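K.L.:
So you can see what is in the structure, the chains are spelled out below.
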Amino acid sequence: MAGPDATREAPIGRRVFLGMVGLGGVGVLFGARIQDRLERVVQGVAGRLGLESLAPSGRFRIYTVTGSLPQRSEAEYRLWVGGHVDRQLELTAADLKSLPVTRLTRDFQCVTGWRVRDVKWKGVRLAELLDRAGVRVGAGGVRFYSFDGRYTESLTLDQARREDVIVAWEMLGRPITTAHGGPVRLYVAPMYGYKSCKWLERVEVTEGPPAPGFWEERGYDVDAWIGRSNGRDDPPV
Amino acid sequence: MTTLPSEVASDSRSSPPRWLLRFDRCERAVHWCTAALVLVLMVTAAVLYIGELSVVVGRRQVVRRVHVVAGLLLPVPVVLGLAGRWRRGLVADIRAFNRWDGHDRRWLRSRGRDPAVRVGKFNAGQKLNAAFVAGAGVVMLGTGSIMHWFSPFPVSWRTGATFVHDWTALALTLVVLGHVWMALSDSDAFRGMVSGRVPASWARVRRPRWYEEMTGRPAAGDQPGPET
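Protein chains in written order, with this note's numbering: chain L, 1 to 237; chain E, 238 to 465.
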């Protein structure tokens, strides 16, 4: 057997390098399509292996804007509804659960691109709470405050009254965990995830149009319709 | 750590050298600065990416800012390393990474077991690692930039960039862990990147063709250095 030929040289390193860069470019152009297919496969496999939290697709990413997760037990939880209304409300978790229940199953779409399919929600329509408080004439918007002390969001009154906007206490078929915004959070189904204020503490009916929320002051669209805002074209949920 | 003799082989016809200079000061500086940035990138990436960690650390905007700044700094050590007269060793090594000959192909095919293969300064695995990491680094920088400054790009590019960034990160993490594992399991090779020098006895066995280039002596028949 002849020994290795030291004279037959080729710039393989450069080829690997350029190949990687080319592959990356192709991935940028067609990744959206590949991802869509891959997501279904990976989600299934990772789910079976119990590795959902590491698979690079189809899972929730937990975003917080403060240093630590705000903790509040269901027992000490209170939701305040007030502002430009006839009667202020202060509701316990039990009060909320005694109201007419709405169930939704929708994809959860984040403005940064990830999407979790078929998330189950259970809560009460925000419109129900607004009706009970009695919105006064001249009201234009609803502002939401998180008990993380920092996060805020808002909707127009018309948006807030939609059937797919709920104050939720169950998500993914169980009580909402602290990481997901429990014990009670907002869920605005037709809009990007940043509208669905976690750790919901205060709902304030305002007079004028809604003021921009936390991310909206940092460049996100106030009207956050999925597929029709923030320069994105995701399919609606 | 043992004290290192100051004599480093360049040309010695009398007695075999005990130490060979493997990486000069510039190369080591480039390596360790890059390594520090990669560490910052991996830690911040983990915090941004793994839900359980995001929950513990929080402060998403701060972590994201650190990640982006470290990412933008990533090419700086290499660029500075190539920017002056100190570039010689670095350029020579990049050239060595690029060029593959029959030995490298055989090395790869036999996964390093073929006794006829005589390795030069780097084996084919190291060459492959270098080319992959360089390519992946460019890809990460490009896709990360699209993710951060997304407005001029079509949305599908943004999704595609996120897709590529995530999967390349996963591959890179495995490769970097492999790299660290290999380095820690060969203390002589590791010493080469810490102090710059490796025992000539190591080079004679593990990198015979490089040993010959450096010493002008045959690796096979040469007397081992006093250390072995």
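Quick caveat, the hints were computed from the structure, so don't treat them as lab data.
In this text, all values refer to a predicted model and were calculated from it rather than measured experimentally.
Just so it is clear, CB atoms sit at the ideal spot from N, CA and C, and this is done for glycine as well.
Just so you know, not all the hints are guaranteed correct.
For each label pair, taking beta carbons as the anchor points, the in silico distance ranges come out as [what the hints assert, rightly or not]:
hint : chain 1 : residue 1 : chain 2 : residue 2 : range
1    : E       : Pro-391   : L       : Pro-236   : 53 to 59 Å
2    : L       : Cys-110   : E       : Arg-324   : 32 to 38 Å
3    : L       : Cys-110   : E       : Pro-352   : 52 to 58 Å
4    : E       : Val-293   : L       : Arg-174   : 20 to 26 Å
5    : E       : Val-299   : L       : Glu-76    : 16 to 22 Å
6    : E       : Trp-386   : L       : Gly-173   : 18 to 24 Å
7    : L       : Arg-132   : E       : Thr-410   : 48 to 54 Å
8    : E       : Ala-272   : L       : Arg-132   : 45 to 51 Å
9    : E       : Ser-347   : L       : Phe-30    : 33 to 39 Å
K.L.:
Hint by hint, note whether the structure agrees.
P.N.:
Results of checking the hints against the structure:
Remark: the range hint 53 to 59 Å for E/Pro-391 to L/Pro-236 is contradicted by a beta-carbon distance near 19 Å. Taken as a hint, the range 32 to 38 Å is violated for the pair L/Cys-110 and E/Arg-324, whose Cβ atoms sit roughly 44 Å apart. Between L/Cys-110 and E/Pro-352, the C-beta spacing of about 55 Å keeps the proposed range 52 to 58 Å intact. Taking 20 to 26 Å as the suggested C-beta distance range, the pair E/Val-293 and L/Arg-174 conforms, at roughly 21 Å.
Take E/Val-299 and L/Glu-76: their Cβ atoms lie about 29 Å apart, and the range 16 to 22 Å is violated. Restraint check, E/Trp-386 to L/Gly-173: a C-beta distance of roughly 39 Å breaks the suggested window 18 to 24 Å. Distance hint check: the CB atoms of L/Arg-132 and E/Thr-410 are about 51 Å apart, consistent with the given range 48 to 54 Å. The supplied range of 45 to 51 Å is broken by E/Ala-272 and L/Arg-132, whose beta-carbon atoms lie about 60 Å from each other.
At roughly 36 Å, the beta carbons of E/Ser-347 and L/Phe-30 sit within the given window of 33 to 39 Å.
Violation of the numbered hints given earlier is confined to hints 1, 2, 5, 6 and 8; the remaining hints are satisfied by the structure.
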